[in-house]
Amino acid sequence: MSVAASAPRAALPVAIAVYVVALGIHSLIQQLVFFRVIVGNAAEGLHSRGVTARRAAVAGVLAAVPVFIAMHQLTVDLAMLDLAVVGVIYGLLYVHTGELAYGLGLHLGTFVAGGVLFVPASATAGTASLLAVRQSLPDSVAVLGEYGFPKVVLAYLLLLAFMTWRHGEVPVEADVARWRPSPAQTSSTS
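The sequence shown begins at 7 in our numbering and counts up one residue at a time.
Since the hints were made in silico from the structure, they are not lab data. Computed from a predicted structure; not experimentally measured. Incorrect hints may appear among the rest.
Cβ pair distances, simulated, as ranges [to be verified]: (1) G56 <-> V159: 27 to 37 Å; (2) G51 <-> V20: 37 to 47 Å; (3) A23 <-> G174: 31 to 41 Å; (4) R42 <-> Q79: 32 to 42 Å; (5) L80 <-> G115: 17 to 27 Å.
Ideal Cβ placement from N, Cα and C applies to all residues, glycine included.
Assemble the whole structure, with the sequences as input and the hints as a guide.
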């Protein structure tokens, strides 16, 4: 694999900034809808029906992934596998931490790495990018570079190692499956 700097353009920094902001908003919306709302609601519903909080949280991830795949409207086998693996990892990061920060950071980082920093040379025509990557790997292996899941799995394993080091175990935030009334609901009942 070789990396070459792409041709500088006057508007490149502005184009990249707009692109990163747009991807940040896109990533935030996906994380909120698929992993906070769907995982949270499915987990809360299952937990309220007697399923343990940990199992309910994991089942919530499994409920969100088909919707995550369907929203992307892809029917190519490897693309669907890519979305399934990536969706499970984003959901698990939410279940591990009870917050969207890790999943959002990974989601945005994947977009920026694949769409701004290292763009295949074939895709750089008319695209703002910092580096153009020319593949020199065999086609059987190079196809993995076209999908996000190898990078996301590696990042997930690194984040899992960090969380294990930090907490002494692989955390599962059981509160994901516990319903909490909103502040408006608690103030209206008192």
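Going through the hints against the structure:
{"no.": "1", "hint": "G56 <-> V159: 27 to 37 Å", "result": "33 Å, holds"}
{"no.": "2", "hint": "G51 <-> V20: 37 to 47 Å", "result": "45 Å, holds"}
{"no.": "3", "hint": "A23 <-> G174: 31 to 41 Å", "result": "40 Å, holds"}
{"no.": "4", "hint": "R42 <-> Q79: 32 to 42 Å", "result": "22 Å, violated"}
{"no.": "5", "hint": "L80 <-> G115: 17 to 27 Å", "result": "21 Å, holds"}
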